[in-house]
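Q: Chain by chain, the residues run as shown.
Protein chains: 2
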Amino acid sequence: MAHQHISKTLTVKSLGIDTYREHIIYMRSDCHICLSEGFSALTRVVVSLKESQIIATLNVVTSDLLQEHEAALSNMALKRLNAKAGDLIAITHLKQIESLSDVRAKMYHKKIDDVAYRRIINDLTRGLYSDIEIAAFIAACAGDNLDLDEIISLTKAMIDSGSRLKWDEKIILDKHSIGGLPGNRTTPIVVAIVAAAGLTIPKTSSRAITSPAGTSDTMETMTTVDLSVERLKEVVTKEGGCLAWGGSVNLSPADDILIRVEKALDIDSTGQMIASVLSKKAAAGSTHVVIEIPVGDTAKVRTQDEAIKLQYYFKAVGDAIKLNVVILITDGTQPIGKGIGPSLEAMDILSVLRNQNDAPADLKEKSLIISGALLELSGKIELGKGVTKAKQILESGQAYVKFQNICIAQGGFKEPKFARYKKDIKSETAGTVIGIDNRKLAKIAKLAGAPHSPSAGIYFNSPIGTKIEIGQILYTIYSEAEGELQYTVDYLNSISQIIKIV
Amino acid sequence: MAHQHISKTLTVKSLGIDTYREHIIYMRSDCHICLSEGFSALTRVVVSLKESQIIATLNVVTSDLLQEHEAALSNMALKRLNAKAGDLIAITHLKQIESLSDVRAKMYHKKIDDVAYRRIINDLTRGLYSDIEIAAFIAACAGDNLDLDEIISLTKAMIDSGSRLKWDEKIILDKHSIGGLPGNRTTPIVVAIVAAAGLTIPKTSSRAITSPAGTSDTMETMTTVDLSVERLKEVVTKEGGCLAWGGSVNLSPADDILIRVEKALDIDSTGQMIASVLSKKAAAGSTHVVIEIPVGDTAKVRTQDEAIKLQYYFKAVGDAIKLNVVILITDGTQPIGKGIGPSLEAMDILSVLRNQNDAPADLKEKSLIISGALLELSGKIELGKGVTKAKQILESGQAYVKFQNICIAQGGFKEPKFARYKKDIKSETAGTVIGIDNRKLAKIAKLAGAPHSPSAGIYFNSPIGTKIEIGQILYTIYSEAEGELQYTVDYLNSISQIIKIV
Numbered sequence: 001m002a003h004q005h006i007s008k009t010l011t012v013k014s015l016g017i018d019t020y021r022e023h024i025i026y027m028r029s030d031c032h033i034c035l036s037e038g039f040s041a042l043t044r045v046v047v048s049l050k051e052s053q054i055i056a057t058l059n060v061v062t063s064d065l066l067q068e069h070e071a072a073l074s075n076m077a078l079k080r081l082n083a084k085a086g087d088l089i090a091i092t093h094l095k096q097i098e099s100l101s102d103v104r105a106k107m108y109h110k111k112i113d114d115v116a117y118r119r120i121i122n123d124l125t126r127g128l129y130s131d132i133e134i135a136a137f138i139a140a141c142a143g144d145n146l147d148l149d150e151i152i153s154l155t156k157a158m159i160d161s162g163s164r165l166k167w168d169e170k171i172i173l174d175k176h177s178i179g180g181l182p183g184n185r186t187t188p189i190v191v192a193i194v195a196a197a198g199l200t201i202p203k204t205s206s207r208a209i210t211s212p213a214g215t216s217d218t219m220e221t222m223t224t225v226d227l228s229v230e231r232l233k234e235v236v237t238k239e240g241g242c243l244a245w246g247g248s249v250n251l252s253p254a255d256d257i258l259i260r261v262e263k264a265l266d267i268d269s270t271g272q273m274i275a276s277v278l279s280k281k282a283a284a285g286s287t288h289v290v291i292e293i294p295v296g297d298t299a300k301v302r303t304q305d306e307a308i309k310l311q312y313y314f315k316a317v318g319d320a321i322k323l324n325v326v327i328l329i330t331d332g333t334q335p336i337g338k339g340i341g342p343s344l345e346a347m348d349i350l351s352v353l354r355n356q357n358d359a360p361a362d363l364k365e366k367s368l369i370i371s372g373a374l375l376e377l378s379g380k381i382e383l384g385k386g387v388t389k390a391k392q393i394l395e396s397g398q399a400y401v402k403f404q405n406i407c408i409a410q411g412g413f414k415e416p417k418f419a420r421y422k423k424d425i426k427s428e429t430a431g432t433v434i435g436i437d438n439r440k441l442a443k444i445a446k447l448a449g450a451p452h453s454p455s456a457g458i459y460f461n462s463p464i465g466t467k468i469e470i471g472q473i474l475y476t477i478y479s480e481a482e483g484e485l486q487y488t489v490d491y492l493n494s495i496s497q498i499i500k501i502v
Numbered sequence: 001m002a003h004q005h006i007s008k009t010l011t012v013k014s015l016g017i018d019t020y021r022e023h024i025i026y027m028r029s030d031c032h033i034c035l036s037e038g039f040s041a042l043t044r045v046v047v048s049l050k051e052s053q054i055i056a057t058l059n060v061v062t063s064d065l066l067q068e069h070e071a072a073l074s075n076m077a078l079k080r081l082n083a084k085a086g087d088l089i090a091i092t093h094l095k096q097i098e099s100l101s102d103v104r105a106k107m108y109h110k111k112i113d114d115v116a117y118r119r120i121i122n123d124l125t126r127g128l129y130s131d132i133e134i135a136a137f138i139a140a141c142a143g144d145n146l147d148l149d150e151i152i153s154l155t156k157a158m159i160d161s162g163s164r165l166k167w168d169e170k171i172i173l174d175k176h177s178i179g180g181l182p183g184n185r186t187t188p189i190v191v192a193i194v195a196a197a198g199l200t201i202p203k204t205s206s207r208a209i210t211s212p213a214g215t216s217d218t219m220e221t222m223t224t225v226d227l228s229v230e231r232l233k234e235v236v237t238k239e240g241g242c243l244a245w246g247g248s249v250n251l252s253p254a255d256d257i258l259i260r261v262e263k264a265l266d267i268d269s270t271g272q273m274i275a276s277v278l279s280k281k282a283a284a285g286s287t288h289v290v291i292e293i294p295v296g297d298t299a300k301v302r303t304q305d306e307a308i309k310l311q312y313y314f315k316a317v318g319d320a321i322k323l324n325v326v327i328l329i330t331d332g333t334q335p336i337g338k339g340i341g342p343s344l345e346a347m348d349i350l351s352v353l354r355n356q357n358d359a360p361a362d363l364k365e366k367s368l369i370i371s372g373a374l375l376e377l378s379g380k381i382e383l384g385k386g387v388t389k390a391k392q393i394l395e396s397g398q399a400y401v402k403f404q405n406i407c408i409a410q411g412g413f414k415e416p417k418f419a420r421y422k423k424d425i426k427s428e429t430a431g432t433v434i435g436i437d438n439r440k441l442a443k444i445a446k447l448a449g450a451p452h453s454p455s456a457g458i459y460f461n462s463p464i465g466t467k468i469e470i471g472q473i474l475y476t477i478y479s480e481a482e483g484e485l486q487y488t489v490d491y492l493n494s495i496s497q498i499i500k501i502v
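Protein chains in written order, with this note's numbering: chain A, 1 to 502; chain B, 1 to 502.
Any given hint could be a false lead.
Each pair may be met inside one copy or between any two copies, as identical chains are not told apart.
[Stated by the list, open to error] Heads up, simulated DSS-like pairs for lysine-lysine below, C-alpha to C-alpha not over 25 Å straight-line:
| id | residue 1 | residue 2 |
| --- | --- | --- |
| 1 | K467 | K110 |
| 2 | K423 | K233 |
| 3 | K414 | K111 |
| 4 | K111 | K322 |
| 5 | K166 | K315 |
| 6 | K166 | K84 |
| 7 | K440 | K110 |
| 8 | K238 | K79 |
| 9 | K423 | K389 |
| 10 | K95 | K263 |
| 11 | K95 | K423 |
| 12 | K309 | K110 |
| 13 | K440 | K423 |
| 14 | K111 | K309 |
| 15 | K110 | K443 |
| 16 | K95 | K443 |
| 17 | K233 | K417 |
| 18 | K422 | K95 |
FYI, nobody ran anything at the bench for these hints, they're computed from the structure.
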């Protein structure tokens with residue numbers, strides 16, 4: 001960055017304050033730089049140390065916490081700048097960020113072009129945006145505010161914002177399920193089956209956005225998911241597949257920045273979702289992708305029409321970036337499996353892979369449908385015979401062996417655990433389950449601590465159609481902290497029923 | 001707030017950190033509350049001390065800055081909670097904020113109703129929203145995304161969010177000028193003329209949003225603007241008018257919260273602008289209002305069509321809340337007066353009120369037009385004779401006496417000052433000025449430090465039509481800090497010309 005003139009320096013002090021991703025610099029209100037540069041609380045400044053630069057927000061210190069020649073940095077800022085106590089840092093004005101005028105145009109519902117999206121995503125990736133600027137961009141793109149051209153521009157900009165994996169094989173498979181359906185954790189089973197079939201599926205997943213668990217949160221209860229690009233390539237070369245966290249391999253890093261704020265706002269807009277999903281697939285080097293869209297009253301996608309609109313966008317954007325996309329529209333009326341939350345979902349996955357009698361039939365069935373579609377899409381298995389082949393690989397135990405080998409290649413396998421505190425929720429009426437509010441169920445699992453407490457969540461016993469007696473356990477809430485469990489139960493007592501029994 | 005259960009307490013420590021309006025609580029990562037409640041960095045929590053409660057964002061401390069039983073609060077949080085070192089505070093979970101689902105609906109371009117706006121504004125005023133949530137609401141309302149019903153709902157909700165002044169007089173006058181035109185500081189002159197005519201004009205103004213000075217910033221260089229409701233009433237009862245800061249009398253407090261984030265995002269949307277302006281007028285107890293809309297290529301309102309659309313909304317919303325609104329569409333092609341920035345604009349105002357020979361004719365003329373419209377709107381002066389009457393009051397010196405008396409009643413009068421550092425910008429060509437980029441001019445005044453440095457800004461010598469010689473001073477930049485002046489000059493050298501000379 002050549003657009004600042006560097007004036008004066010301060011000595012770094014570490015206060016040990018964790019402000020998460022937003023970088024904070026602490027400076028005395030009477031320090032010579034604040035005075036001469038006219039900085040005040042919340043000014044955004046450029047902090048430089050040798051060749052490194054970050055943007056930080058100023059918090060002014062009005063006490064003796066710092067001496068006059070000192071400045072402190074938040075933990076993440078220290079790390080990003082590679083600074084330690086005693087280093088000399090320079091603090092200068094931040095130049096106007098030109099791409100923010102593109103964000104403003106988008107807020108005013110104008111269509112913006114390829115160049116504008118590239119500028120926005122580039123500045124975002126360089127850490128130039130504050131959290132409120134990111135929030136404004138997300139809100140401006142929410143709803144149906146991006147047309148097809150814009151989604152394509154955003155997707156391309158996001159692909160180019162990070163590294164891109166290259167593979168020798170001609171066909172690289174991938175899958176994605178639209179969220180909103182608790183416990184819908186088919187990915188580890190699908191990767192195991194497809195890799196056991198001799199195909200290549202270098203799967204990277206995200207952590208939870210607005211749900212109680214993402215695939216990476218779940219996998220992390222069984223193995224290491226934080227792999228470098230080199231380690232990921234080794235695992236895939238050896239086993240044909242992997243189950244890694246996408247964030248650690250710097251694929252579409254802009255997406256990770258956007259997702260953090262989307263999570264805080266609890267929204268997920270159409271255009272950004274499509275760009276997010278497809279940019280990660282393209283950056284991972286995939287060529288053929290199956291995308292599952294569960295549809296249900298309380299799933300993320302609520303109607304068949306909405307699913308068909310998404311299908312259109314996914315296929316059109318896929319065409320534009322040379323990705324072969326197949327859509328599966330599935331039943332999203334109730335949770336899949338029994339566990340909701342990282343460890344509890346991992347237990348379901350293992351029971352399916354181990355062909356246990358108590359394995360959830362719905363999780364198994366859906367995993368086979370997706371695996372079948374991938375086997376057929378690869379051209380290796382004849383159309384119409386994919387599911388049968390997938391079933392044979394799973395039931396023969398080949399998929400479980402492959403899953404174990406992938407975990408071992410990633411750093412070792414461990415069994416997921418139950419949380420320390422639990423509370424059974426029992427039925428006060430008798431009858432048959434006729435409906436489930438997935439959103440509230442997911443919310444309860446989150447209040448109980450999932451995903452930040454990996455073993456927290458819900459073990460669910462009452463799918464639609466279950467006959468229920470008075471006093472029968474509908475589900476069990478697990479939590480790692482007593483306070484969270486109590487708070488969750490308090491919340492539960494304050495809302496209308498989650499499971500409809502008549 | 002009855003919706004949290006209070007569990008445990010920590011001892012308050014003051015670290016003296018100013019984070020501006022967002023409240024921050026600092027807690028050790030290994031403190032018993034963090035552990036038992038599952039709190040982590042950026043969790044939003046409820047902090048309670050006796051009967052007071054605030055919402056704060058958690059920054060986790062990983063060092064010995066705090067002892068295990070201690071928590072620190074940012075300066076503003078300490079003040080709002082009325083807490084001091086040694087007090088025992090309780091920290092509990094923040095319950096889901098229900099009105100955020102209304103914000104999400106708005107992000108998805110849905111029309112939301114009276115009840116929804118009331119809910120949002122109520123929660124906003126109670127301090128329940130984080131900065132990114134406020135940013136999302138602002139972005140969702142930007143552009144033309146609010147229809148007339150929604151603007152009326154938002155305006156009513158904002159009026160009800162704070163206190164409302166009551167007056168004995170039947171006719172209470174007020175004025176407002178849409179921003180974007182540097183130096184357009186007619187208000188103090190208008191208030192002096194109208195009050196001198198024996199009418200009532202309890203004027204409250206804002207500080208700058210995206211401009212180099214607001215009326216309150218300018219008035220603050222001459223007198224006290226931070227008046228309590230009681231003091232404001234005293235001043236108006238005695239003098240017929242006042243020139244106070246709206247923020248200190250708690251009129252439409254939701255607006256102050258929104259404006260702070262709008263300022264950081266550098267946007268000002270139609271619906272929110274109308275609600276902001278009219279809610280302040282209604283809350284101030286006004287009955288008759290003149291609103292000036294300057295139109296020009298680089299003013300906030302760029303076309304006549306846009307001004308006429310605004311006129312429609314202002315009048316329609318005015319009708320709905322029983323406010324008699326008159327619109328004046330004026331020429332906004334160039335700055336008004338010579339000063340841009342609080343002190344420099346104050347000097348222009350004084351020169352007009354003092355009837356000096358060098359007083360800017362444009363500022364005087366526009367002040368007379370607005371004053372004339374108000375005199376006629378009051379019914380006290382016949383239609384068509386307002387400007388003549390206003391001119392007589394100004395030129396006779398009655399307006400200056402009234403202005404002095406208002407300042408004295410508010411706490412005393414002082415002369416505005418020039419800043420310590422200055423730089424003359426000279427012309428490199430000869431010719432005639434044919435155009436001025438108001439936005440860039442305003443930006444330069446801001447870079448130089450206005451409004452946070454009151455005497456910073458621009459003294460402008462080259463209105464449209466001025467004959468210019470090579471080497472002639474086009475304008476002078478003033479700054480209170482050497483660094484800011486240098487940075488402003490650097491910026492100036494990096495952009496295309498601001499004043500077009502042919």
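Q: Now, for every hint given, state plainly whether the structure supports it.
A: Status of each hint after checking the structure:
1. In this assembly of identical chains, the alpha carbons of K467 and K110 never lie at most 25 Å apart, being 54 Å within a copy and 40 Å across copies at closest.
2. Taking CA atoms no more than 25 Å apart as the test, K423 paired with K233 passes in neither setting, with 43 Å inside one copy and 59 Å between copies.
3. In this assembly of identical chains, the alpha carbons of K414 and K111 never lie at most 25 Å apart, being 50 Å within a copy and 50 Å across copies at closest.
4. In this homomeric assembly, K111 and K322 come within 25 Å of each other (Cα to Cα) only inside a single copy, at 24 Å, whereas the closest approach across copies is 38 Å.
5. In the homo-oligomer, the alpha carbons of K166 and K315 lie at most 25 Å apart inside one protomer (22 Å), although the nearest pairing across protomers, at 62 Å, exceeds that limit.
6. For the homomeric pair K166 and K84, neither the shortest alpha-carbon distance inside one copy (36 Å) nor that between copies (59 Å) is at most 25 Å.
7. Taking identical chains as interchangeable, the C-alpha atoms of K440 and K110 lie at most 25 Å apart only when they sit on different chains, with a minimum of 23 Å there against 36 Å within one chain.
8. With identical chains, the CA atoms of K238 and K79 are never at most 25 Å apart, being 33 Å at best within one copy and 61 Å at best between copies.
9. In this homomeric assembly, K423 and K389 never come within 25 Å of each other (Cα to Cα): the closest approach is 41 Å inside a single copy and 79 Å across copies.
10. Taking CA atoms no more than 25 Å apart as the test, K95 paired with K263 passes between copies only; the shortest distance there is 17 Å, against 29 Å inside one copy.
11. Within a single copy, K95 and K423 get their C-alpha atoms only as close as 54 Å, which misses the 25 Å cut-off; across copies the closest is 20 Å, which meets it.
12. For the homomeric pair K309 and K110, the shortest alpha-carbon distances inside one copy (22 Å) and between copies (19 Å) are both at most 25 Å.
13. Within a single copy, K440 and K423 get their C-alpha atoms as close as 17 Å, which meets the 25 Å cut-off; across copies the closest is 62 Å, which misses it.
14. Both within a single protomer and between protomers do K111 and K309 lie at most 25 Å apart by alpha-carbon distance, with minima of 20 Å and 22 Å respectively.
15. For the homomeric pair K110 and K443, the shortest alpha-carbon distance between copies (24 Å) is at most 25 Å, but the shortest distance inside one copy (35 Å) is not.
16. Taking identical chains as interchangeable, the C-alpha atoms of K95 and K443 lie at most 25 Å apart only when they sit on different chains, with a minimum of 12 Å there against 41 Å within one chain.
17. Taking the shortest Cα distances, K233 and K417 never come within 25 Å of each other, neither inside one copy (29 Å) nor across copies (67 Å).
18. Taking the shortest alpha-carbon separations for K422 and K95, only the inter-copy value of 21 Å comes in at or below 25 Å, while the best intra-copy value is 53 Å.
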